[in-house]
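Novice: Final position of the sequence shown in full-length UniProt numbering is 403; the numbers increase by one with none missing.
It cannot be assumed that every hint is accurate.
[Unchecked claim] Straight-line C-alpha distance at most 20 Å; calculated SDA-like pairs for lysine to any residue:
#1 Lys109 x Lys156
#2 Lys146 x Asn123
#3 Lys142 x Tyr118
#4 Lys193 x Lys138
#5 Lys288 x Asn309
#6 Lys142 x Lys193
#7 Lys290 x Lys156
#8 Lys217 x Ser236
#9 Lys167 x Lys290
#10 Lys146 x Glu305
#11 Lys193 x Ser257
#12 Lys288 x Gly195
#13 Lys250 x Ser187
#14 Lys211 x Ile246
#15 Lys34 x Phe64
#16 Lys167 x Asn275
#17 Lys150 x Lys310
#18 Lys217 x Thr153
#19 Lys156 x Glu277
#20 Lys310 x Lys167
#21 Lys138 x Glu154
[What the hints assert, rightly or not] Label-pair distances were calculated between CB atoms; the ranges are:
#22 Gln308 x Gly265: 53 to 63 Å
#23 Ser187 x Gly93: 54 to 64 Å
#24 Arg327 x Asn108: 25 to 35 Å
#25 Ser91 x Lys199: 14 to 24 Å
#26 Ser91 x Ile246: 20 to 30 Å
#27 Gln102 x Gln229: 28 to 38 Å
#28 Gln387 x Ile104: 49 to 59 Å
#29 Arg380 x Gly331: 26 to 36 Å
#30 Ser187 x Arg286: 16 to 26 Å
#31 Arg380 x Leu289: 57 to 67 Å
#32 Lys290 x Asn253: 25 to 35 Å
No lab work stands behind these hints: they were computed from the structure. Quick caveat: nothing in here was measured; it's all calculated off a predicted structure. The beta carbon of each residue, even a glycine, is placed where N, CA and C say it ideally should be.
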Amino acid sequence: MSESANGLRVINDSLVLTSSNIANTSTIGYKSSKPVFFDIFSTSVYSKNPVANGVSILRNIQDFSNGTLISTNRDLDIGIANEGFFRVLDSKGDIHYTRNGQFILDNNKNIVNMQGMYLTGYNQKHVNNVFDTSNIEKINLKNAYKLECKPTTEIKFQAYLNSQMNKISNTNNSNDSSADLEAYTNSINIYKKNGEKEKIDISFSKLENNKWQVHVKSNNPDNEAGIDQNFELKFSPNGELTSDSIMNIKSNNSQYSNIKLDLTGTVETKETNNNFEQPSQNGYSRSKLKYFTISPNGEIIGAYENQQNKIIGQILLSKFISPENLRPETGNLWSATAETGTEIIGIAGQSGFGTLVSRSLEMSNVDLNKELINMIVQQRNYQSNVQSFKAEDKMINTLINLR
């Protein structure tokens, strides 16, 4: 009767596992499990032939295939497409792993899961693309809500200068109306060290054939000391720039940083008009965070009111050589074991890691139809074992009643 009893126990355990899979059909990031059965044989010193002794469950195997990604409207709903786990840190300092990408911000602006565990990664973009895994920490966005100003240190400007333009006899005289007529001026806003915006004019004037003057002057309404500097450009007969294309703009006013004026690509042409690419500069004012997004490689990108986008954090993923040996825990979590192999930490989309999908969640990978079929099969197996148990019971009673 022990064989039938073992069968009933094993089938009951299998039904419990199937019921758990069915119950978690809608659980975010849940991975289904199935039992691995093995048969039992007993041996005796009186017989060389092993005797079948029923069945047992060797272990439960987890299925880590991907679940379906569904779209949401939350910035901190994150799905993983393909391989990888989120790393979360509990209050005791222990690391756990999950595929459930439902995160929120706590009162201290830490990114946490629904159990209050901290999502880990980097709080600032890595330096020179080199990652130091010893500095992995809980991601905190508190310092990202304000963006400090950055003074302008570089201006890029590409000009196409008309070689047929008339020469100017006196370009240093700002009151000379003829100079105004013969110079071409473009303007750009730059930022001082205190975050104030200021307009500067960049004027191009022809001195002689293949030689031009660049005049850079701040347009300061308060008549404070600002920028006022001249540079020379020289061109070859075919219009290529032969002088240095990079100039250093300096000011006696300490509110200005030294500015590199980059005129790379500027040429002298025979076109009838002067043409200019829109100038650009690298400074900006103080600003506040409007919102943030998650990129496919896990960068947390902050969008600010001053139109700047900055990387304010980096989510890291983990993977294992043998994820099937992860220990399942309450709350749709796993922890590493000796059998999982060394934890591999990396960035989404690199080194075999899957990519992150913002505003998405990974559903359970449970195949409901398959689980319902399994349940029916297990119920029939249970009934069959009960019949075997009854038959053995009758046989034993027959033996007992022999006179």
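Novice: So if I understand the rule, the pair passes when the alpha-carbon distance is 20 Å or less; does Lys211 with Ile246 pass?
Specialist: With Cα atoms ~16 Å apart, Lys211 and Ile246 stay inside 20 Å; holds.
Novice: Is it true that the CA of Lys156 sits at most 20 Å from the CA of Glu277?
Specialist: holds (9 Å)
Novice: Between Arg327 and Asn108, does the beta-carbon spacing fit 25 to 35 Å?
Specialist: Once the Cβ atoms are compared, 30 Å apart, the range 25 to 35 Å for Asn108 and Arg327 holds.
Novice: Are the Cα atoms of Lys138 and Glu154 separated by 20 Å or less?
Specialist: violated (35 Å)
Novice: Below or equal to 20 Å on CA atoms is what counts here, so check Lys290 against Lys156.
Specialist: With Cα atoms ~28 Å apart, Lys290 and Lys156 exceed 20 Å; violated.
Novice: Does the Cβ-Cβ separation between Arg380 and Gly331 fall within 26 to 36 Å?
Specialist: Given a distance of about 34 Å, which is inside 26 to 36 Å, the answer is holds.
Novice: Take a look at whether the Cβ-Cβ distance between Arg380 and Leu289 falls inside 57 to 67 Å.
Specialist: holds (60 Å)
Novice: Straight-line Cα separation of Lys34 and Phe64 no greater than 20 Å?
Specialist: holds (12 Å)
Novice: Are the Cα atoms of Lys193 and Ser257 separated by 20 Å or less?
Specialist: holds (7 Å)
Novice: Taking only the CA atoms, is the gap from Lys288 to Asn309 under or equal to 20 Å?
Specialist: Given pair Lys288, Asn309 holds - Cα atoms ~11 Å apart, limit 20 Å.
Novice: Do the alpha carbons of Lys142 and Tyr118 lie within 20 Å of each other, as the hint requires?
Specialist: Given that 20 Å is the threshold and the Cα spacing comes to 14 Å, the pair holds.
Novice: Within 25 to 35 Å or not, the Cβ separation of Lys290 and Asn253?
Specialist: holds (32 Å)
Checked against the numbered hints listed earlier, the structure breaks hints 1, 4, 6, 7, 8, 9, 20, 21, 22, 25, 26 and 27; every other hint is satisfied.
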